[in-house]
Amino acid sequence: MDKQVYELKKLWANKRQLTFQVLNLAMIVFSALMIWKGLMFVTLSESPVVVVLSGSMEPAFQRGDILFLNNAVEEVHVGDVVVFKIKDRDIPIVHRILKVHRNETTGKVDLLTKGDNNRVDDRGLYAPGQLWLQREDILGRATGTLRYVGMVTIALNDYPVLKYVLVGLMGLFVLTSKEG
Amino acid sequence: MAKKKSKSGSSPTKASQDPPVLQGVAVGANESDASGADPSTPTKGNSDYEDEVAEEEMELLQVDLGDMIKMKQVLDEGVSASLLDHVPENYQWDNVKLLLMFVSCAFAMTAQFAPIPFPESRPVLGVCGTLYFVLSGILQFITTFIDKDMILLTNPLPKPTSVKDESNSNPPKKSGSNKADTNTNSSTTINPLLYEYGLRVRSNFPRFSEFYTMILEFRIPKDDPLHSSIEEKSVKAVWSVGKFFDKEGYFDEVGLSNEVTKLFKRLEAQDYNGKESDKASKKKTE
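The listed protein sequences derive, respectively, from chains U and F. Residues in the first sequence are numbered consecutively from -11, following the numbering used here. Residues in the second sequence are numbered consecutively from 5, following the numbering used here.
Same shape as in the complex, but just chain U (with noise of 0.2 Å):
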């Protein structure tokens, strides 16, 4: 820890030193974020990627789980893993389709769900009054799964602390490892 404690008062001698430091640790973590962006532009996705956070998929997908997202599909039919998102909640939802209506002089579609777990479907999870789905509150069918990596997502949101933990930690051996 010394050793960093010294790296970083050298750095902070010499100015410009630190800001080429800075800017490489910026553009590392604007790297990740812009691959994140790059997959919300493709997938027309507001959140590619999202973590299983209930067991209500069980034993097709775990809590932990990492979901990745594509929402550039026109129709989803019955059957299809999907993320959706109820009015005014924050927290998405993975369940299956259930059932698929289709009006066919209109063209406005009514979605059904249920978790696999579940043992009745999602109306009682729905805004009061709401009966049906509908095409927009659809974040993405699911395409891809890697099992349990998400376990640190949930530790992260359990536990905030370790967030600012792990970033400040990160940061700071980028700052003082002088590989560029």
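In case anyone wonders, no lab produced these hints; they're calculated from the structure. Remember, predicted model here, so these are calculated numbers, not experimental data. Hints may be right or wrong, so weigh each one.
List time: in silico EDC-like cross-link candidates among lysine to aspartate or glutamate, alpha-carbon distance up to 16 Å [claimed, not checked]:
1. 247/F / 214/F
2. 3/U / 98/F
3. -2/U / 63/F
Chain U is fixed; fit chain F onto it per the hints.
Chain F in isolation, oriented as in the chain U frame:
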């Protein structure tokens, strides 16, 4: 080379010609020896050893000898620091790189913080994202292919203005006519190229190798006729890292500084192949 010197006989300066590795070890030993010689009153010895003791006052940097990257970094910084005593640094290229980084960060920030909700912001995201990756790619290209092993760029020496003193009343001319060297009594000329071109310092320290190579060459633009002979007009030195690090990892910054100054003097004297310095040392040992 060191062996030749020690066999030269019982000259009183023998102690100062010990390979710096030994000096380094002695230095390291003194660090741990708390009740060692009082460093504030160095005796007027004729060897560098006494100077090393006097400089105990300053803390020596200790490096983990297995950490190749750190060692190269320490050596590079030492080289840059000692060279900048002789020539001014050039910030142009560095500024270009900094500007590129800054602009790409600006694009990334607009993509992130633009106050447009998602589906509508798609074009903005697309444009900023592509621009960010393009600039980032250019930067990587520069670092990999253009910078390669370069560690320092310098500007040409400022041309000395003519002085009233008669001995050096001639202002330096580009044709390389003799100029009086103000430092020494001999009539060695300072390499005229030093006034026209800046230097590029390149360093090479392969993984798991013990040899650190340093090259000082002129930055000659491609359309200049001298460009083809850059390599002939550069000086190169190869040192074992044992010369500057002792076995506990203490770094001999002064030793490196001396070696770099020697190399720079070779460049000043246009001694590109090291032949003249070899002659000089042979003369000493005779």
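A quick look at each hint next to the structure:
no., hint, result
1, 247/F / 214/F, "holds, 10 Å"
2, 3/U / 98/F, "holds, 13 Å"
3, -2/U / 63/F, "holds, 14 Å"
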